[in-house]
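Required output: the full structure, derived from the provided sequences and hints.
Spelled out, the chains give:
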Amino acid sequence: MKVHVKNWHAIAQWRWDTGASDVDDDGEGDVCGICRVPYEGCCPSCKMPGDDCPLIWGECSHVFHMHCLLQWISTSASKQQCPMDRRPWVTAERKVDANAAR
Amino acid sequence: MATEALKRQIAGKWQNAFARLNRDQEGITGLLAFSEAWALATEFLHPRDLNGSMANKELDMVKVRLAVETLSKSKMLPILLENFLEDMRKQQYLITRDVNQFMLQYEETEDVHHIARLVYRILEWYRAWVPITELGHTILSAYTLTFQTHVYSILPPSFSRGFKKLVNATFDLAQSPVPPPWLPPTPPALQSPVPPPRPDLPLWSAFEQLGLLDRYESLISSVCYEHIEAHILETCSKRWGERMLQPLREWMTNRIVPWMVMPYARGARSAEEARSMLQGVGSRFDFHVCKTLSDLRTREIFDIIIDFPDSQPALEDLKECLQRVDQRTQLVQTLRKANRKRLLHPGADTKDILTQYVSIIRCLRLVDPPGVLLFKVADPIRRYLRERPDTIRCIVASLVGDGESGDSLVDENEPIQPLQQMQVEDYTDPSWEPEPIDAGPDFRTNKPSDVISTLVSIYDSKDLFVRELQVLLAQRLLAITDGNFDRERRNIEILKIRFGEAALQVCEVMLRDMTESKRTDQHVQSQKHMMLHPTIISRHFWPPLQAGKFAMPGQFKLIQDDYAREFHSFKQDKKLRWLPHLGTIRLEIELQDRTIPVDVPPLEAAFIELFSEKDTWTVDELIARVGSVDRSAAIKSLTTWVDMGVLKEEISNQYVLLEVAEDGSSVSTGGAPPRPARVIEEVSAVLTVEQQQAEQMRVYWKFIEGMLTNLGTLPLDRIQTMLKFAPGYDRTIEQLGAFMEAARREGLVTVANGMWKLSRT
Ligand SMILES: [Zn+2]
Ligand SMILES: [Zn+2]
Ligand SMILES: [Zn+2]
Chain A
4 MKVHVKNWHA IAQWRWDTGA SDVDDDGEGD VCGICRVPYE GCCPSCKMPG DDCPLIWGEC
64 SHVFHMHCLL QWISTSASKQ QCPMDRRPWV TAERKVDANA AR
Chain B
330 MATEALKRQI AGKWQNAFAR LNRDQEGITG LLAFSEAWAL ATEFLHPRDL NGSMANKELD
390 MVKVRLAVET LSKSKMLPIL LENFLEDMRK QQYLITRDVN QFMLQYEETE DVHHIARLVY
450 RILEWYRAWV PITELGHTIL SAYTLTFQTH VYSILPPSFS RGFKKLVNAT FDLAQSPVPP
510 PWLPPTPPAL QSPVPPPRPD LPLWSAFEQL GLLDRYESLI SSVCYEHIEA HILETCSKRW
570 GERMLQPLRE WMTNRIVPWM VMPYARGARS AEEARSMLQG VGSRFDFHVC KTLSDLRTRE
630 IFDIIIDFPD SQPALEDLKE CLQRVDQRTQ LVQTLRKANR KRLLHPGADT KDILTQYVSI
690 IRCLRLVDPP GVLLFKVADP IRRYLRERPD TIRCIVASLV GDGESGDSLV DENEPIQPLQ
750 QMQVEDYTDP SWEPEPIDAG PDFRTNKPSD VISTLVSIYD SKDLFVRELQ VLLAQRLLAI
810 TDGNFDRERR NIEILKIRFG EAALQVCEVM LRDMTESKRT DQHVQSQKHM MLHPTIISRH
870 FWPPLQAGKF AMPGQFKLIQ DDYAREFHSF KQDKKLRWLP HLGTIRLEIE LQDRTIPVDV
930 PPLEAAFIEL FSEKDTWTVD ELIARVGSVD RSAAIKSLTT WVDMGVLKEE ISNQYVLLEV
990 AEDGSSVSTG GAPPRPARVI EEVSAVLTVE QQQAEQMRVY WKFIEGMLTN LGTLPLDRIQ
1050 TMLKFAPGYD RTIEQLGAFM EAARREGLVT VANGMWKLSR T
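Chains as they are written, first to last, in our numbering: chain A, 4 to 105; chain B, 330 to 1090.
Honestly, the hints are just simulated from the structure, not real lab data.
In this text, all values refer to a predicted model and were calculated from it rather than measured experimentally.
Honestly, I wouldn't trust all of these hints.
As the list claims (entries may be wrong) - Think about it this way: if two alpha-carbon atoms lie no more than 30 Å apart in a straight line, the pair counts; the simulated DSBU-like pairs of lysine-lysine are: (1) K903/B x K50/A; (2) K943/B x K9/A; (3) K648/B x K680/B; (4) K404/B x K392/B; (5) K666/B x K567/B; (6) K9/A x K878/B; (7) K5/A x K965/B; (8) K50/A x K847/B; (9) K977/B x K5/A; (10) K847/B x K900/B.
Said to hold, decoys possible - Reference listing, derived: stretches of chain B covered by chain A, where coverage requires no fewer than 3 residues with Cβ under 8 Å from a Cβ of chain A: (11) 853–866; (12) 909–919.
We treat Cβ as the ideally placed atom computed from N, Cα and C, and that holds for glycine.
In structure tokens:
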């Protein structure tokens, strides 16, 4: 017997590739430390998740909604620091290829 | 000594009497003339037997008149009358005999002909015995009174029945150009030089002369009432498609009013006089028309509503009738009762209840624009709907034009408008009750006027609707395989107007996911052509999906990985997570002797893929290979292939591939390839709101279990009160009741007299 696939309508969810090994995570997922909304949700000023409300990675390994972090950084109280560890915020270069070659 | 005085007195009286009788004539000539006059007058007046000799007729009327004059001068008329009445009493048996004979015939045959003959016969007696007018009005009325008293005293009860029938027959008589055969000939006394224009007129004359009109006034009215009722029932029952009130009024004018002239306006000397005489009674009969039609439509109201809009004319009639007669309370009560009996019962479909409710809204607004009637009828329906678990789903399905379930609740002509917030009526408030007077002063303020707002207002909040909308939309979007979701987009646009943009934001994300998936797929396919076309969804924005975790084996796994890789290289900061149990796969199963095209759910595909590795598998082996699948789902999937003749259950729980079809089950391979069999069952990928709630309710089971362990038995309201201490508990007592009922079915608890307890204690 041969099984030929002619057409496959599948359902999938997208996840941010945060580098964490949360492949089997069924829960709410990690939340943005600033707005407490899951990464795959969107920040309070956005309505569409995903590409419209991307994440930003810090060298310190903390991840936020980009809009949340930019808003935070723009306040004087932030002193340009990461809100979680108070280290100076440095946006990380993402090494996407390493993940892609999984 | 007294004797002397008495003698004198008698002598005096005699003198007086003599003088009176002799009328100052010479000698006793006056007296002689008096005797002669008395003899003639009494002979003339003597109530003769109609069946006997007609000699009296030959008396010289001039002499009779002279004799009466003589007696009158002698002031002897009262005595003549007394004598006459006495003679009458002696002769009454003649009438009695006739009456009994006619009534006997009537009772035997129930033929109204005998009643007509009887009436005419009595009239003959009356006319035969009537004194001449010269005797004066007093004698005439004394005669009439005595005659009628006697006749009425001998008429048996069956006469009323017969008379009623006869009066009823006059409706037809009034319409006949010639007298029907059953009608007896008009007696000579009622004959006129020109024949009467209507055969019923002599009867009416007879009725009047015999005093029957007065005596049976209410009976005659009731005949007319019943005639009207019968006519309305006959012409209007179940005829809802046209206005009936106006034709009925025309019928009254053409048929009943001319008839009414005889019983009610016989004495009129001019048309003007007749009109004024008929006015009062006419208005009573018009009222009766409205009342009868209104009663009929009230009895039919439930079916009239089902028939709406075809039955709109009937409702317009009802509206007009209700302005004339106050039958509104009856209408409300009848409809409430019919709703209770025919609509608000477990056997009725929620969809049907809603459809009827919407029709009730439309119909009662038509009958009573201020909405008082609707207000009173709607309350029990709304309460009932609130307790039904699938009410919201039905409303929502209708909102988005659920093509399969027939008529939409929403009138296409009704403008789409934002939901109108309504004042929350607290029907659970013990002091709340429908107003006893017809219209409360402020009952209508803040009442929504459009149907959707009215339906949504069954519930206190619209959030439930929005959640149900999301579920429905998700179900539909995930089922779309051709990438065309224009209909859902249009629906969302409409719903945004109703529920507001913010409430529908999540749905916007769902639609965006659909377009994004299509775009992504176009890109992936351009890189590497694949049979896989996924819908990629944003979690948190879709309603919870059915759980299910298994790994697609073999080539399916390879395809998934290929696609995921292409996706990741396109969207570098994202990755894909498959929901393997959802979706549909079109396969072609190529066997030694046949090729089978088929659309299957993923688990079926996974299993058949494994059979391409080896021919024989046990259920346990299969489950072990794909991961977590429950046994019943596995067996169901295998059965799909067994039904198609691809697999066979060789021994219990062990299946074998049929490379060559077994006898009789061969699928034809010649000619056109068979269309793919669709075995996609209608199990939805998306959890319904109900299922979601049941899932959450399980969390509270521990609390309930603890309570019942410690306290033994508890009524539902105590459990509800105590659960309020549980974090995040927000269920209604109805929801708790449904949950406890489910727990009872599972054997966890028992209930007796409203007290719940754990089963194991
Ligand atoms: Zn955030
Ligand atoms: Zn944002
Ligand atoms: Zn940090």
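Hints and how they fare:
no.	hint	in the structure
1	K903/B x K50/A	holds, 19 Å
2	K943/B x K9/A	holds, 22 Å
3	K648/B x K680/B	holds, 28 Å
4	K404/B x K392/B	holds, 18 Å
5	K666/B x K567/B	holds, 20 Å
6	K9/A x K878/B	holds, 23 Å
7	K5/A x K965/B	holds, 22 Å
8	K50/A x K847/B	holds, 20 Å
9	K977/B x K5/A	holds, 17 Å
10	K847/B x K900/B	holds, 14 Å
11	853–866	holds (count 7)
12	909–919	holds (count 10)
Every hint, counting from the list given before, is met by this structure.
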